[in-house]
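Oh and the sequence shown: position 86 is 91 in the working numbering, straight run, nothing missing.
Read the hints as simulated data drawn from the structure, not as lab findings. Since this is a predicted model, take the numbers as computed values, not measurements. Heads up, a few of these hints could be off.
Said to hold, decoys possible - Derived lysine-lysine pairs resembling DSS-like cross-links, with alpha carbons at most 27 Å apart:
hint	residue 1	residue 2
1	LYS72	LYS122
2	LYS111	LYS72
3	LYS7	LYS23
4	LYS32	LYS7
5	LYS72	LYS23
6	LYS111	LYS7
7	LYS111	LYS32
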Amino acid sequence: MKINIFAFCDFAADYGEKICITGASHKISVRGLPARVSGTIVGKIMLERDDAGEHLLDVTISDADGKVVCQSPRQQIEGRDFMELPQECEMYSCCLIHRVQFQIEKYGEYVLEMREKGRVLTSTALFVGRFDSKPEIY
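Could you build all of it, start to finish, from the sequences and the hints given here?
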């Protein structure tokens, strides 16, 4: 199993084995604390012949102290029986899309993680900062 895409974004949709992602970012800007944040966690998972069977994936967002601030519902993906697929087909993809809302209590670094059976498959950093209302001058 390989994780091709794992991100926090504004919106995501899948159709077939394709995925459309809008507003992917590693930064969340808020006007003040505490803040209620909403967004979408998106993943594209590539399954190979060795990955046949069920896989239960857990996705969390934790602060720098390890406190979980968001836990999305456990997602089950099914590794297809490759016997049904053409011989030249060595892998196929599954999309994971979770719309989430959570409370931010402090600024700083957070981590977005995907796990299977407690083992981290992938992770990425999210940075929470104060929204700067001053326009940027170019």
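Now the hints, each set against the structure:
no.	hint	verdict
1	LYS72 x LYS122	holds, 19 Å
2	LYS111 x LYS72	holds, 12 Å
3	LYS7 x LYS23	holds, 16 Å
4	LYS32 x LYS7	holds, 24 Å
5	LYS72 x LYS23	violated, 33 Å
6	LYS111 x LYS7	violated, 32 Å
7	LYS111 x LYS32	holds, 14 Å
Taken one by one, the earlier hints fail for this structure at numbers 5, 6, listed in ascending order.
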